[in-house]
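A.B. asks: If you want the building blocks of each chain, they are given just below.
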Amino acid sequence: MKIELGHGDGEWLLWSASDVEDDRPARSRMAVRRGLPEEVHERFVHDGPDRQVTLAPVLGDRPVVARPRQPVYLLSKQEVTFYLSTPIWLKILVGSSQLMLRELASIRLSDTWFGPSTRVGELCYANRTHARRNLAEVPLRPHRAITPLRIRNNAQEALPLEKISLPVPMLPLFGAEDGSLWTQRATLVRDEVSDLASVRIEASKDHLDPYGRPLTRIAAPRHENPMAVVRAFSTFFQGF
Amino acid sequence: MLEQLQTLISLEGAVRWGRALFLVVLGLLLALMTSRLLQRVMRRRMTAHVAQIVRRLVFYSVLGVFIAAAMSELGFSLTVIMGAAGILTVAIGFASQTTASNLISGLFLIGEHSFEVGDLIRVGDLTGEVLSIDALSVKLKTFDNLFVRIPNETLIKSQVTTLTRYPIRRIDLALGVAYKEDIEHVREILARVADANPLCLDEPAPQFIFTGFGDSSLNIQFSVWVVRENFLELRNAISAEIKKAFDESGIEIPFPHRTLYAGEATRPFPVMLVEDAPSRDQSGPDSNSQDGC
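So the sequences go chain by chain: X and D. For the record, in the first sequence the residue sitting at position 11 is 11 according to this note's numbering, with numbers rising by one throughout. For the record, in the second sequence the residue sitting at position 74 is 74 according to this note's numbering, with numbers rising by one throughout.
In short, the hints are calculated from the structure, not lab data. We treat Cβ as the ideally placed atom computed from N, Cα and C, and that holds for glycine. All clues given are correct.
From chain X, some residues computed to sit far from chain D (all C-beta separations above 12 Å):
1. 24
2. 34
3. 36
4. 42
5. 44
6. 50
7. 51
8. 71
9. 131
10. 138
11. 139
12. 155
13. 179
14. 187
15. 189
16. 224
Which bits of chain X does chain D cover? Going by a derived footprint, with three or more residues having C-beta under 8 Å, they are:
17. 103-112
18. 116-124
Heads up, incomplete: computed chain D residues facing chain X, CB under 8 Å, no partners named:
19. 166
20. 167
21. 168
22. 198
23. 199
24. 200
25. 201
26. 202
27. 203
28. 204
29. 227
Using the sequences and the hints, build the whole thing.
C.D. replies: So, in structure tokens, the structure goes:
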């Protein structure tokens with residue numbers, strides 16, 4: 001994504017464009033120069049002299065449904081941890097009082113429907129995932145936050161993982177020293193007899209990434225309702 | 001003495017009328033206040049449609065109680081009034097069958113919950129947003145900003161499509177490609193176009209349906225799903241994107257073709273490929289004579 005933000009006489013001028021994600025390694029660049037953007041999409045007028053700008057990363061505003069590129073099955077009585085990454089959004093805040101100009105998605109994911117039928121369900125974003133299990137293989141990209149998701153299959157049958165819905169609006173965002181972004185861990189258990197999944201969100205105060213490095217909390221969840229987390233997670237196995 | 005009694009009676013009558021009037025005015029005020037208060041409280045908790053029904057119900061109930069009290073104050077017996085109202089209703093019912101039919105249809109419409117205030121419905125050729133569902137009619141606002149009143153009886157009898165009932169909708173695109181095209185290749189291109197547009201839902205997946213061998217083209221139905229708010233935007237965008245993708249891949253969207261066939265018994269039409277016709281100056285006298293034939 002590209003953002004150009006200019007500060008004119010009592011106004012902020014914003015130009016933004018989103019890119020299509022490819023396999024090239026992503027990097028973030030920032031430059032400050034004199035003058036205003038050549039093209040402007042939006043103008044935000046104000047009456048103060050404040051020129052402070054803050055770019056705050058947050059997680060997406062809808063759950064993200066991750067689909068493995070190949071069918072993945074979790075065998076009976078097994079437990080694995082997948083590392084799922086989701087694109088972050090950037091909040092553009094200005095002034096000392098942190099007034100929000102706009103919230104932009106780093107990558108505009110495709111819309112998708114997650115539910116048992118076309119009548120009942122939830123609007124989500126669709127995301128393809130490699131469903132990586134090896135942490136060393138997980139690329140650390142500046143525009144994606146990684147969620148460690150532990151899944152345990154207590155049932156007698158193998159569990160096909162066709163779609164995994166991550167309720168990212170209910171997860172807080174953390175940052176590591178190397179710039180990588182992480183969300184809270186989630187553990188999901190499929191019961192022996194039922195298709196419902198019980199969920200545990202790891203709420204330890206000393207947040208560490210899977211490497212054991214300390215993490216800093218960057219953004220609070222968009223929705224703080226803990227019941228909502230359970231509800232959203234209970235739909236994990238829908239569509240499997 | 002008699003005069004004094006008459007004065008007292010007339011005074012008492014005036015007081016009764018005054019009380020009755022006061023009761024009606026009080027009832028009106030209370031009904032208005034209660035219904036408005038309820039509307040404020042319910043605005044966030046209920047849909048506009050339910051809120052409207054509850055508001056009206058409360059308004060008329062409160063007003064009805066106070067009017068009944070006022071009538072009672074005037075010396076009317078409620079039993080007699082109810083009886084009279086019953087007879088009057090039957091009489092009015094016979095006299096105004098259409099109105100009564102609309103009224104009953106309105107009750108069924110409200111009970112059925114087929115649509116609510118704010119929904120987008122299609123009745124026959126008419127599409128519009130429901131402004132209100134009243135006792136006798138439903139009011140719509142069409143896209144070209146016209147106010148349309150449809151009698152409830154008509155709605156009960158006709159097919160009504162609620163466009164905003166479910167959160168997602170399907171767009172069916174009817175396409176035709178030339179007979180020379182590879183259908184599998186066309187399918188891949190359409191899938192790529194749908195995949196590239198973020199408004200097009202990933203799930204339910206786009207559907208590719210081969211609908212038949214047409215007169216001039218291979219007919220295809222390509223169906224994509226979209227959130228209902230983005231319906232128009234995607235329908236316009238994806239049509240343009242499909243055309244562009246077909247053009248880039250050299251896939252022909254054919255015009256209607258017509259081949260003339262003269263049958264087996266007759267000789268085929270002589271067809272000549274006409275290249276650059278020789279100018280008249282270069283043509284010889286023979287050709288001139290042939291022209292004249």
